[in-house]
Amino acid sequence: MSKNNEKYGLLINYEFCTGCHSCETACKVENKLTYGQWGIKVAKDGPRQLENGKFEFINVPIPTSLCNLCEDRVNMGKLPSCVQHCQAAVMFYGPVKELADKMSEKPLQVIFTPV
Amino acid sequence: MAYEISEYYKKHKGEAQWQDGEYTCTRTTMWSGPGCHNGCGVVYYTKNGKVEKIEGDPYNPFNLGKLCMRCINYVEAADSNDRLKWPLKRVGERGENKWERISWDEAYDIIVEKVNGIKKDYGPESIVCMEGTGRNVIWQVPYLCYAAFGSPNFTLGFLSGESCSMPRLVTEAVTEGEFTFGDYSAHFPDRYENPNWKLPEVILLWGQNAIISNPDSSLGHWIVECMKRGSKLIVVDPMLTWLAAKADIWLRVRPGTDAALAMAMNDVIIKEDLYDHAFVEKWCHGFDDFAERVATMPPERAAEICWIPKDTIVEAARLYGKAERGAGTWGVSVDMAQCGISAAQAINALWAICGNLDKPGGQSIIRYAFDQGLAYDYGIEILPPEVTAKRIGMDLPLKQFGFGATAHSDTLLKVIEAGGVPYPIKMFWFQSTNPIANMGAEAPRLYKAIKTADFNVVVDMFMTPTAVAFADLVLPCAMSSERWSQRNWWMPTASIRKVASYYEAKSDEQLILELGKRFSPELFPWKDDKEWIDWIISDQTSKMGMTFDELCDVVCQYEDFEYYKYEKGMLRPDGKPGFNTPTGKVELKLSLFEAWGLDPLPWYQEPPESPYSTPELHKKYPLVLTTGHRSWEFFHSEHRQLKLNREFHPDPMIKMNPETAAKFGVKEGDWVWVENYRGRFKQKVKYEMLHPGVVNAEHGWWFPEKEAAEPSLYGVFDSNCNNLTTMCQNGPTGYGAPYKNQLCTVYKVTEENSKIMPTEQVTRLGGFNYVQK
Numbered sequence: 001m002s003k004n005n006e007k008y009g010l011l012i013n014y015e016f017c018t019g020c021h022s023c024e025t026a027c028k029v030e031n032k033l034t035y036g037q038w039g040i041k042v043a044k045d046g047p048r049q050l051e052n053g054k055f056e057f058i059n060v061p062i063p064t065s066l067c068n069l070c071e072d073r074v075n076m077g078k079l080p081s082c083v084q085h086c087q088a089a090v091m092f093y094g095p096v097k098e099l100a101d102k103m104s105e106k107p108l109q110v111i112f113t114p115v
Numbered sequence: 116m117a118y119e120i121s122e123y124y125k126k127h128k129g130e131a132q133w134q135d136g137e138y139t140c141t142r143t144t145m146w147s148g149p150g151c152h153n154g155c156g157v158v159y160y161t162k163n164g165k166v167e168k169i170e171g172d173p174y175n176p177f178n179l180g181k182l183c184m185r186c187i188n189y190v191e192a193a194d195s196n197d198r199l200k201w202p203l204k205r206v207g208e209r210g211e212n213k214w215e216r217i218s219w220d221e222a223y224d225i226i227v228e229k230v231n232g233i234k235k236d237y238g239p240e241s242i243v244c245m246e247g248t249g250r251n252v253i254w255q256v257p258y259l260c261y262a263a264f265g266s267p268n269f270t271l272g273f274l275s276g277e278s279c280s281m282p283r284l285v286t287e288a289v290t291e292g293e294f295t296f297g298d299y300s301a302h303f304p305d306r307y308e309n310p311n312w313k314l315p316e317v318i319l320l321w322g323q324n325a326i327i328s329n330p331d332s333s334l335g336h337w338i339v340e341c342m343k344r345g346s347k348l349i350v351v352d353p354m355l356t357w358l359a360a361k362a363d364i365w366l367r368v369r370p371g372t373d374a375a376l377a378m379a380m381n382d383v384i385i386k387e388d389l390y391d392h393a394f395v396e397k398w399c400h401g402f403d404d405f406a407e408r409v410a411t412m413p414p415e416r417a418a419e420i421c422w423i424p425k426d427t428i429v430e431a432a433r434l435y436g437k438a439e440r441g442a443g444t445w446g447v448s449v450d451m452a453q454c455g456i457s458a459a460q461a462i463n464a465l466w467a468i469c470g471n472l473d474k475p476g477g478q479s480i481i482r483y484a485f486d487q488g489l490a491y492d493y494g495i496e497i498l499p500p501e502v503t504a505k506r507i508g509m510d511l512p513l514k515q516f517g518f519g520a521t522a523h524s525d526t527l528l529k530v531i532e533a534g535g536v537p538y539p540i541k542m543f544w545f546q547s548t549n550p551i552a553n554m555g556a557e558a559p560r561l562y563k564a565i566k567t568a569d570f571n572v573v574v575d576m577f578m579t580p581t582a583v584a585f586a587d588l589v590l591p592c593a594m595s596s597e598r599w600s601q602r603n604w605w606m607p608t609a610s611i612r613k614v615a616s617y618y619e620a621k622s623d624e625q626l627i628l629e630l631g632k633r634f635s636p637e638l639f640p641w642k643d644d645k646e647w648i649d650w651i652i653s654d655q656t657s658k659m660g661m662t663f664d665e666l667c668d669v670v671c672q673y674e675d676f677e678y679y680k681y682e683k684g685m686l687r688p689d690g691k692p693g694f695n696t697p698t699g700k701v702e703l704k705l706s707l708f709e710a711w712g713l714d715p716l717p718w719y720q721e722p723p724e725s726p727y728s729t730p731e732l733h734k735k736y737p738l739v740l741t742t743g744h745r746s747w748e749f750f751h752s753e754h755r756q757l758k759l760n761r762e763f764h765p766d767p768m769i770k771m772n773p774e775t776a777a778k779f780g781v782k783e784g785d786w787v788w789v790e791n792y793r794g795r796f797k798q799k800v801k802y803e804m805l806h807p808g809v810v811n812a813e814h815g816w817w818f819p820e821k822e823a824a825e826p827s828l829y830g831v832f833d834s835n836c837n838n839l840t841t842m843c844q845n846g847p848t849g850y851g852a853p854y855k856n857q858l859c860t861v862y863k864v865t866e867e868n869s870k871i872m873p874t875e876q877v878t879r880l881g882g883f884n885y886v887q888k
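Quick note, the sequences are listed as chains A and B, same order. Here the first sequence is numbered in the working numbering, starting from 1 and rising by one per residue. Here the second sequence is numbered in the working numbering, starting from 116 and rising by one per residue.
Only chain A is shown next, with the shape it has when bound in the complex (with noise of 0.2 angstroms):
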């Protein structure tokens, strides 16, 4: 919750994630997580193939309890270490209301309100 108490999430273009986990290690590092800790992590399906032939290969981060949205690096006029580092640049840190109008542009996205 920013200081104006709006809502702030993270969107996140999934059709184009490429699962590099640099997400996963930016957020480990900034945060210094130990072994098997996770602010954000990355759920894989497949790859798969579909009936009409088609392979589907879905990555998706997922923000954990220990994410904070990088509060501090936020309050210093930073992004959060995640979205800067995104090597696809698919994610995107802002108040929900805006990430929703967003959302809205096109499909394969979600939406998560961590803390």
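Because the hints were derived from the structure by calculation, they are not lab data. Misleading hints may appear alongside valid ones.
Here are some of the chain B residues that sit facing chain A, going by a computed Cβ distance under 8 angstroms [unchecked claim]:
{"no.": "1", "residue": "S121"}
{"no.": "2", "residue": "E122"}
{"no.": "3", "residue": "K126"}
{"no.": "4", "residue": "E170"}
{"no.": "5", "residue": "Y174"}
{"no.": "6", "residue": "G180"}
{"no.": "7", "residue": "K181"}
{"no.": "8", "residue": "N188"}
{"no.": "9", "residue": "L355"}
{"no.": "10", "residue": "W357"}
{"no.": "11", "residue": "K361"}
{"no.": "12", "residue": "I364"}
{"no.": "13", "residue": "W747"}
Keep in mind that this is a model prediction, so the values were computed, not measured. Every residue, glycine too, gets a C-beta built ideally from N, C-alpha and C.
For chain A, the structure is supplied; the task is to place chain B on it using the hints.
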């Protein structure tokens, strides 16, 4: 979708350095080691001479603020207590891992004495210098070899057939006289917004999982950005990678048959009249002969060879052939077959006949920025011609004519095994290379060969299996944040700024310069590493019009880029339009190959060991083994000591189709032995979508957590896929080697069959001939 720049970084726009509380923040370039082939922009946060944090630099057009996990975890590597801290001299026997600390001066004294002794007794050519992948030692180690030691024998580790990039680069050099890269807007600092750039309609990604491997010219995720904007994708890969799953067409090629596939695609495009007539008529040489040759590989025939349905090959050819703009990126898989040169030739021809060369959104012709061009032959002209003539492998046609500025690794091995004919090899200088863990095919054979040398030096960041097994001296090398250097590999030219230090570790430039001064001070006139780099930037790169300090202030500098250079007379030394080849055209039929007595047209040959070339062997070893698949966590044999990277990827993995695993009585997570008649190694089964007849093993594995001293040697041969690959099976040019197309079988690891581990077998029991199953 826009790349967002945070308020914090907007505040520091244009600043190369600023203070943030107790941190000094520095914008510069990260280049290995450890790392990769890219040169991403970073911001280092330093305190008391140590890097405490690293972030991507949002203002760097190359990576736009993004970083991969290896860079994000850079501090764990740089700060690791396991790093080499000062020079070490061997005190026990080789392999015992017993060392004493010495000073740099003592180390230099020993090297000078040994090198001068070898030069006097055997000649300078008895000294071989090696590095691993190019990266930040691309020109420094060659210069040491030529200018300080006076030897022509600089090689790329024991890279068989020089089959990493060299076959592709050599083929491009004889075909169009230039190098090309898929155009993902990399030539412009304003990237995707540049008005001259156009989106590739289709991207042909050949033999490379680009998002993980990050090729020399580009960041793999640029392809993802193009996909977001609408580019279609054709992926040639034996495995269903994320990119292959997202592709419009996935060509699940049998490893080692890329030449046949590329020939067939050319055939379809020519037969269906999808090629660019205007370009071919005006700018290509030998089209009719080329068309006739590729007609010998119709899609029906390629379908059988490549294990791809005929219709899929035709569909892919049509998609690429009909596209207005086709960009292509290719990987080492193209090189890593005996007919690697031929595969490269046929793929290159596809780009050319479809008119994609130097077109926006096509295949850009690109040189080193500002014509700098320091590479493996930096300093070779210093050597007298009679010494250069002694370079190992000079009898190979391409070497004779100056294509490929390195000694030939396979021939080097043969020279050693022949007991030093025509001359003995007495010393190895290994700088950032770990050939028995990685890169060198047939690692156990190399182990024996390298042990025969009298004196070996290893320069690296960590103690490695190569250092423990062979070194008499081990010298600590600085990491990227600890060196003054530059990155000039294509575009842009970028500064690498020293912001930290680690004990007595020195940069590659610094230690080569200090050592070089002791041999030939006139060839090493620079005061220190920074002055050397400044000389290169100011003098060798004078077109840029900057000093090194100025480059550090702007961080990186782009050269103006123009398309259609062949029309504008920008490629030939005589200034005439055309390509820099003997005919002035793109040579679909290679006139240089013709002159050298080599087949000037593409051809296909079965891998030396395959289901069809060696059917008896295939009965015993029924799986095609492909190796070298990249992972997010590691770069070749690096990063294995980092806890965070190992948390993601603790064990070496062999990828198998679940169906294949079931057939061999194993399941995901099982440790299996992978074996052929050369040896065996063990890895853990991971299910992936591969052809049921193909398995895919990881490379570069050693275990820093295991005992260093022999026979353990960090377990370097235990999980080493190069126990099964082979040296000295090159194509007729000397290039290309079957790293990715061997045969093997797989069986479950049990206590019973694991009493003698491969490392002990190699280091203590004389090798794999003694394996008793």
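Hints and how they fare:
| no. | hint | in the structure |
| --- | --- | --- |
| 1 | S121 | holds (5 angstroms) |
| 2 | E122 | holds (4 angstroms) |
| 3 | K126 | holds (7 angstroms) |
| 4 | E170 | holds (7 angstroms) |
| 5 | Y174 | violated (12 angstroms) |
| 6 | G180 | holds (6 angstroms) |
| 7 | K181 | holds (5 angstroms) |
| 8 | N188 | holds (6 angstroms) |
| 9 | L355 | holds (5 angstroms) |
| 10 | W357 | holds (5 angstroms) |
| 11 | K361 | holds (7 angstroms) |
| 12 | I364 | violated (11 angstroms) |
| 13 | W747 | holds (5 angstroms) |
In summary, the structure is inconsistent with hints 5 and 12 from the numbered list given earlier, while agreeing with the others.
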